[in-house]
Amino acid sequence: VYRLRSQLSITAVALVLGLLVVVQLRAQAGDSGLAQLSSEDLTVLVANLNDRNDDLRTEASNLERELATLKANQARGDVSVDEITADLRRVRAYAGLDPVAGPGVTISINGPIDGPGVEELVNELRNAGAEAIGIGDTRIATGVVVTGAPGAAAVDGTLLGSSFELDAIGAPDKLTGSLTRSGGVIAQLGATQPEVVVTVTPVDRIELPASTRSLVPEHGRPRL
Amino acid sequence: VVEELWLSGAEAIAVNGERITPTTAIIDVGSSLLVNSAYLAPPYQVTALGPADLYDRLSAAPGFADFVRSRVQAYGIRVSFAEPDSVDMPAFVGTVTLRYSRPVASPAPGSSAPPGAVASPGG
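First to last, the sequence lines map onto chains A and B.
Position one of the first sequence corresponds to residue 1 (the numbering used here), numbered consecutively onward.
Position one of the second sequence corresponds to residue 1 (the numbering used here), numbered consecutively onward.
Same shape as in the complex, but just chain A:
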């Protein structure tokens, strides 16, 4: 009986060990895709993630402070209209419902670019941390997409023509660096659409209009 028991426990240990080894090997074999990236791309990724972590840390401490204020107010029985108004304004600026101004970049585009080309620039701007983006007089809010064949790029039904500007608010050096790095989006556009000339200029202050869209959902209902 004693022998049987020791055999059983050895079998159990071997089984668990085998499982662990397999899991470990599988995990190491799993390719995250990061290995295929160039060191330049990885550097940009890491820098962006670090920035976002910093943002979130700042946000966390702000929210903690806000929570403390709100708790104190609640204890006193205040209804904090100022807090709510500030929150509302913050969300409206983020969503594109209010005009905003700040430092950023102006991108001059000359030549017959197509809609997806402009979308690639917009996507790279967002990746580099752009907070608000506008094309001509149109603010890029959710659902605004640039479409069209080369030379007929249009946003919200308005043709952009062969010479227009794309404005973005954010850290000017980061936005410029991200767009113009070698192998970046402008380099790629230069290869696929060589007759298009894209110039990035850092600016101290640009102003972006509010979106003219109604962002009130017709079909969606908030779920709390």
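By construction, these hints were calculated from the structure, which means they are not laboratory data.
Beta carbons are placed, not taken as given, at the ideal position from N, Cα and C, and that holds for glycine.
Be a bit skeptical, because a hint or two may be false.
To be verified - Derived, one-sided and incomplete: chain B residues facing chain A with beta-carbon distance under 8 Å: (1) PRO22; (2) ILE77; (3) THR95.
What the hints assert, rightly or not - To spell it out: a stretch of chain A is covered by chain B in this simulated footprint if at least three of its residues, at any positions, have a beta carbon under 8 Å from a beta carbon of chain B; those stretches are: (4) 16-22; (5) 35-42; (6) 82-96; (7) 101-111; (8) 142-149; (9) 167-173.
Based on the hints, put chain B in the right spot on chain A.
Here is chain B on its own, set in the frame of chain A:
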């Protein structure tokens, strides 16, 4: 796909649970995607909320037809659809605080707040 859904009248879109916001970039990282600072791995599920004929509009869009034709054959991607009566959209979990942007005076409702109210101390 996300762009075609917007053009087809979608009101809200999420990719594998990451809500698409005005500042969301979708970045190709080797075999995965980076969306809102989250790494997503295939299979990708794009959820969209919109009018009842959203799918009809999407499938009628030339851009979407091109997308399906070019990707499905070239990369062996399989695409499937469902039209649920109701979809649940996750909320964006990131920050909506802008570090560089300041509001410009506008006839916004409740404009009694001081202009600096939206400014975060981040910058």
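Here's how the hints hold up against the structure:
no. : hint    : in the structure
1   : PRO22   : holds (5 Å)
2   : ILE77   : violated (16 Å)
3   : THR95   : holds (4 Å)
4   : 16-22   : violated (count 0)
5   : 35-42   : holds (count 3)
6   : 82-96   : holds (count 12)
7   : 101-111 : holds (count 4)
8   : 142-149 : holds (count 5)
9   : 167-173 : holds (count 3)
Of the numbered hints stated above, those contradicted by the structure are hints 2 and 4, listed in ascending order.
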